[in-house]
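J.: Letter by letter, the chains look like this.
2 protein chains.
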Amino acid sequence: MGSFHVGGRHVQLSGRSSFERVLSEGGEPVKINLNGTYVVEQMYVQYFHPEQRNGKGPLVLWHGGGMTGVVWESTPDGRDGWLNFFIRQGWDVYVCDAVERGRSGFAPYPDIWPEKPITQTVDDVYSRFRIGNHASSYNADRSLRTSYENSRFPLEAFDQLSKQMVPRWAHTNEAMIKAFQALLERLGPASILCHSQSGPLALRLAGKHSALVKALVAVEPAGIPCFQSQGYRTPTLMVMGDNMESDERWAILKKKIGEFANSHDGVDVFSLPEVGIFGNSHLLMVDNNNIDIALRIDAWLRAHV
Amino acid sequence: MGSFHVGGRHVQLSGRSSFERVLSEGGEPVKINLNGTYVVEQMYVQYFHPEQRNGKGPLVLWHGGGMTGVVWESTPDGRDGWLNFFIRQGWDVYVCDAVERGRSGFAPYPDIWPEKPITQTVDDVYSRFRIGNHASSYNADRSLRTSYENSRFPLEAFDQLSKQMVPRWAHTNEAMIKAFQALLERLGPASILCHSQSGPLALRLAGKHSALVKALVAVEPAGIPCFQSQGYRTPTLMVMGDNMESDERWAILKKKIGEFANSHDGVDVFSLPEVGIFGNSHLLMVDNNNIDIALRIDAWLRAHV
Numbered sequence: 001m002g003s004f005h006v007g008g009r010h011v012q013l014s015g016r017s018s019f020e021r022v023l024s025e026g027g028e029p030v031k032i033n034l035n036g037t038y039v040v041e042q043m044y045v046q047y048f049h050p051e052q053r054n055g056k057g058p059l060v061l062w063h064g065g066g067m068t069g070v071v072w073e074s075t076p077d078g079r080d081g082w083l084n085f086f087i088r089q090g091w092d093v094y095v096c097d098a099v100e101r102g103r104s105g106f107a108p109y110p111d112i113w114p115e116k117p118i119t120q121t122v123d124d125v126y127s128r129f130r131i132g133n134h135a136s137s138y139n140a141d142r143s144l145r146t147s148y149e150n151s152r153f154p155l156e157a158f159d160q161l162s163k164q165m166v167p168r169w170a171h172t173n174e175a176m177i178k179a180f181q182a183l184l185e186r187l188g189p190a191s192i193l194c195h196s197q198s199g200p201l202a203l204r205l206a207g208k209h210s211a212l213v214k215a216l217v218a219v220e221p222a223g224i225p226c227f228q229s230q231g232y233r234t235p236t237l238m239v240m241g242d243n244m245e246s247d248e249r250w251a252i253l254k255k256k257i258g259e260f261a262n263s264h265d266g267v268d269v270f271s272l273p274e275v276g277i278f279g280n281s282h283l284l285m286v287d288n289n290n291i292d293i294a295l296r297i298d299a300w301l302r303a304h305v
Numbered sequence: 001m002g003s004f005h006v007g008g009r010h011v012q013l014s015g016r017s018s019f020e021r022v023l024s025e026g027g028e029p030v031k032i033n034l035n036g037t038y039v040v041e042q043m044y045v046q047y048f049h050p051e052q053r054n055g056k057g058p059l060v061l062w063h064g065g066g067m068t069g070v071v072w073e074s075t076p077d078g079r080d081g082w083l084n085f086f087i088r089q090g091w092d093v094y095v096c097d098a099v100e101r102g103r104s105g106f107a108p109y110p111d112i113w114p115e116k117p118i119t120q121t122v123d124d125v126y127s128r129f130r131i132g133n134h135a136s137s138y139n140a141d142r143s144l145r146t147s148y149e150n151s152r153f154p155l156e157a158f159d160q161l162s163k164q165m166v167p168r169w170a171h172t173n174e175a176m177i178k179a180f181q182a183l184l185e186r187l188g189p190a191s192i193l194c195h196s197q198s199g200p201l202a203l204r205l206a207g208k209h210s211a212l213v214k215a216l217v218a219v220e221p222a223g224i225p226c227f228q229s230q231g232y233r234t235p236t237l238m239v240m241g242d243n244m245e246s247d248e249r250w251a252i253l254k255k256k257i258g259e260f261a262n263s264h265d266g267v268d269v270f271s272l273p274e275v276g277i278f279g280n281s282h283l284l285m286v287d288n289n290n291i292d293i294a295l296r297i298d299a300w301l302r303a304h305v
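Residue numbers (my numbering), protein chains in the order written: chain A, 1 to 305; chain B, 1 to 305.
A portion of the hints provided could be inaccurate.
Copies of the same chain look alike in the list, so a pair counts if it fits in one copy or across any two.
Unchecked claim - Mimicking DSS-like on lysine-lysine, the simulated pairs with C-alpha atoms at most 30 Å apart in a straight line are:
{"id": "1", "residue 1": "208", "residue 2": "256"}
{"id": "2", "residue 1": "31", "residue 2": "254"}
{"id": "3", "residue 1": "31", "residue 2": "255"}
{"id": "4", "residue 1": "178", "residue 2": "254"}
{"id": "5", "residue 1": "56", "residue 2": "31"}
{"id": "6", "residue 1": "116", "residue 2": "178"}
{"id": "7", "residue 1": "208", "residue 2": "178"}
{"id": "8", "residue 1": "178", "residue 2": "255"}
{"id": "9", "residue 1": "31", "residue 2": "256"}
{"id": "10", "residue 1": "31", "residue 2": "116"}
{"id": "11", "residue 1": "31", "residue 2": "178"}
It is worth saying that the hints were derived from the structure and are not from the lab.
Construct the entire structure; sequences and hints are all you get.
T.: Given below as structure tokens:
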């Protein structure tokens, strides 16, 4: 196992005055000169190569908005996440923190990125991820929270999940896709398992650089990108949880996902409630049946890679 | 292996107007309501338990300023870092991203933290870490950079190292130490291996909660904290690289470290040039003799835990 960063670009700042600051307790003052070179928009990647490889090549894990690669690690209630699962299944797994998230770092605001980051409230996370069943489901008092009755999310561990959330920007999609592409170019053809925000970015990459993507599993992609998709030929699986219809935004997305699948050969849809699996939130990889779902994804991947 | 977050506190924001934003390519507009609850100042921890444990208990790795736990992973030139080394030596290793760094997330500025983050320039990193031999050693053109003649830093991979750097704040020491303490309380007595900025925080913790710290290895601590240290009795090793005298700030720190060791029983100093090991930068764990140094630290730890 190991890690590295890919992509990134150099930016120069000049004309700022320097100042002194003690940065460490009991330390000496440090002269801070903000003028000079910065590296921004690089992406952090941690990889694990199992002893018993399945020969199917690399599997990259791309998380959703406001999150980092942590979502693939232990579930909030301490069970094995999909990272451990896919390593055990013999994949060479690469977990990414998307550009500006987690260990990828972010560019100084407002010097380089003019936009402010957006940080989701805990309240918002609770309903946006279809754990709570309406916008005001969250309550600081755990006993007063409401959720979908059939919820498979580990409700008692929601507070732990909320600690995973990090600020995110709204203007960084192009930088993200550039870094994702840099990773695929470094690895060679790979399978992608992506979630939510990274779904449309992965679809666009697969559409444009089909040679780099062996297969794509998009777990609840948060959008279907506008792209020239006539030639789209990447084996693709769209995975969807439960209770999408009761959420205005997800109801529309579910329809769009269905339309995309219907108009492209080789795009399969795996909607869990339609095969009798109920109660999954937007965070399928964290729900109490996460390993069952992972087994089905693994089987699909092995059949298509 | 797995991961979790410790610590953190809830903060409420109110009175802000909401707005709509499309956050995912091809997605539906999302209503952003900044009012509500935030979790801030939590700390991310990733752990690895080897099959063959050495029975010495947990070893926590705390990185320095402007960095994340990545510094313990692969070196910038792709060799094994100290994380892999200490796992192989049978330690239960816990790698942390300090509060506000990497996967720990950060609090929205200026809503919760009034201060702006500070991002070090690449130029500054190059000299501050005693790779370059003076403040203007860095040059975008690799062939024009100057470094200490005996440098053991993998100079050809400096650009990769610079991608590891992340913004940091100057007012978060108390929040960091609180989260470090929460981790030790969760794990029980542990050994600490810390670097630079986390050095003084670990020293203060060991001074105040000696029962929680079995042994402490401080690699180039960036300060000696002011604390009631008469009763300090944690077995402690201070490790220092080369060329400290030629850097005004490090020359002072080296003196302070020596004074602390002289006035406390059980504090050992391991200054590499004094045993004939020359050329180590501030990033000993990354230098080309990193495994040799780790072996010596491992031997010291085994003798003192």
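J.: Output the numbers, in ascending order, of every earlier hint that fails for this structure.
T.: 5
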